[in-house]
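For reference, the chains in residue letters:
Number of protein chains: 2
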Amino acid sequence: MRKLKVIIEYDGTNFHGFQVQPGLRTVQGELEKAIAQLTKTETKIIGAGRTDAGVHALGQVGSFSTASTIPIERFALALNSCLPADLRVRSAEEVAEDFHARFSARWKTYRYIIRTDPKGAVFWRNYALLLPFTLDIGAMQAAAQHLIGTHSFQAFCASGADVRNFVRTVISCRIRMVEANLVIEVTADGFLYHMVRNMVGTLLQVGRGERKAGDIPEILTSQDRNQAGPTAPPQGLYLVEVGY
Amino acid sequence: MRKLKVIIEYDGTNFHGFQVQPGLRTVQGELEKAIAQLTKTETKIIGAGRTDAGVHALGQVGSFSTASTIPIERFALALNSCLPADLRVRSAEEVAEDFHARFSARWKTYRYIIRTDPKGAVFWRNYALLLPFTLDIGAMQAAAQHLIGTHSFQAFCASGADVRNFVRTVISCRIRMVEANLVIEVTADGFLYHMVRNMVGTLLQVGRGERKAGDIPEILTSQDRNQAGPTAPPQGLYLVEVGY
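Protein sequences appear in the order of chains Z and A.
Everything in the first sequence is counted per this note's numbering, starting at 8 for the first residue and increasing by one.
Everything in the second sequence is counted per this note's numbering, starting at 8 for the first residue and increasing by one.
Do not rely on the hints blindly, as some may be mistaken.
A pair holds if it fits inside one copy or across any two, identical chains being indistinguishable in the list.
[To be verified] Computed list of lysine-lysine pairs in DSSO-like fashion (alpha-carbon distance at most 27 Å, straight line):
1. K126 <-> K219
2. K126 <-> K51
3. K40 <-> K10
4. K51 <-> K40
5. K47 <-> K10
6. K40 <-> K126
7. K126 <-> K10
8. K51 <-> K219
9. K10 <-> K51
10. K219 <-> K47
11. K40 <-> K219
12. K219 <-> K10
If you're looking for bench data, these hints aren't it; they were derived computationally from the structure.
Make the full structure from the sequences, and use the hints.
Here it is, written out as structure tokens:
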């Protein structure tokens, strides 16, 4: 058996998220179907991040064991020939047998795109949050500074999530305009359920002047989901990169 | 009655082209349904260009007559509230009663996008021709120079098209890289059926070294569709702007 690591991109629009769900089209389901077709063996693939329905990936990572003897340099191409057009394997490499796409990850980067120009909205409707308003980017950047570091992020975690430890380290939180898109990029050693989308929802309140950058430390300290802003919608979110 | 001119954008992916076809979802059909809903009157809308299934528009123009008394500055917003998310009216203005979106047009600009980077292919599959090859852009630009001017474009017109006069004037044909996209932009006083897509198919043969830039004058002179290259697929094509 060989352990393989694959880097995957997908357009999340027509997937019910990453994780297998009976009767629904998922990224994991399509990948496992393609691997089975290619290698003639049922295989379970582990994903670094279990993205929700509508969330996209530029650099999702998957790991799985296989007895297949297909040369590694031909594996991605062969697998792509079995995959639908909205899901591609960008690369495949052989890794140590204890490699685990999720547990071995040291950090992940997510990107959130907010489209501020109504022009071209039809092309961004599934790939960004459409928000044709002026946002105070300086205030959002100041708020983002308060999110960086090691904190309990319970206030930014979907309530009812099945975790005990809410402490995570946000390594960076960068906000910038790229043409008419406001791009928020967050790197952390791990993310709680809906953490990025709840951070974005809160940062947008700051950007629209509904609350101040200085409110963030209090929100963190409260450890209360009700103190943070609403959950930003999924279509603006991208899993960009996973570091090992 | 007032005559209105609207500028329209749409993601052509889920439309069977602009023109109404019984039982199929078309841009014209959705627009006429929305105008009827808004103004309570059946109305026929004329489009500047009858784009095919899968072809997009950033600046399609439509014209129609209406007895509606909705103030013109509120018309686009009101109409958008009746339209699906992949079809938007960017602006509406009142025009002279003899204005006709198609017959009054003096020029149109189409853009064709070729994506040369396999990275991000899942996000471009409906919005560009995916072609992860190196193209000789200099040769393509040289070929494009031969297309500029007043010629019979019969060799670039879909055979069987119901026209008598194949003479058109190509005002400009610009080819450039925008990041990983090769962008071909053509402005002409009018276009024959599939003319841009056949021009792109021919330019790509030049870019891949399958024929020379200097072949273009002969292709034009032949007036024979079989001498030009294949029809490039629809999803790379955008109607960008119409001039009056």
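(request) Give the relationship of K40 and K219 under a CA distance limit of 27 Å: within one copy only, between copies only, both, or neither. (result) neither (48 Å within a copy, 45 Å between copies)
(message) Regarding K47 and K10, is the shortest C-alpha distance of 27 Å or less found within a copy, between copies, in both, or in neither?
(response) Result: close within a single copy only, 16 Å intra versus 64 Å inter.
(message) Checking an output row: K219 and K10, CA cutoff 27 Å. Within, between, both or neither?
(response) Neither way: K219 and K10 sit 48 Å apart in one copy and 48 Å across, limit 27 Å.
(request) With 27 Å as the alpha-carbon cut-off, assign the pair K126 and K10 to within, between, both or neither. (result) Classified as between; 24 Å across copies, 46 Å inside a copy.
(message) If the cut is 27 Å between Cα atoms, do K51 and K40 qualify within a copy, between copies, both or neither?
(response) This pair counts as within: shortest intra-copy Cα distance 10 Å, inter-copy 48 Å.
(request) If the cutoff is 27 Å on CA atoms, where do K40 and K10 land: within, between, both or neither? Let me know, please. (result) within (18 Å within a copy, 55 Å between copies)
(message) As a check of your reading, is K10 near K51 (CA-CA no more than 27 Å) within one copy, between copies, both or neither?
(response) within (12 Å within a copy, 61 Å between copies)
(request) State whether the alpha carbon distance between K126 and K51 is at most 27 Å within one copy, between copies, both, or neither. (result) Only across copies: K126 and K51 sit 25 Å apart there, 43 Å inside one copy, limit 27 Å.
(request) Tell me, please, which holds for K126 and K219 at an alpha-carbon limit of 27 Å: within, between, both or neither? (result) neither (30 Å within a copy, 38 Å between copies)
(message) My question is about K51 and K219: at a cut-off of 27 Å on alpha-carbon distance, are they close within one copy, between copies, both, or neither?
(response) neither (46 Å within a copy, 51 Å between copies)
(request) Give the relationship of K219 and K47 under a CA distance limit of 27 Å: within one copy only, between copies only, both, or neither. (result) neither (57 Å within a copy, 46 Å between copies)
(request) Go through the copies and call it for K40 and K126: within, between, both or neither, with a Cα cutoff of 27 Å. (result) between (39 Å within a copy, 23 Å between copies)
Checked against the numbered hints listed earlier, the structure breaks hints 1, 8, 10, 11 and 12; every other hint is satisfied.
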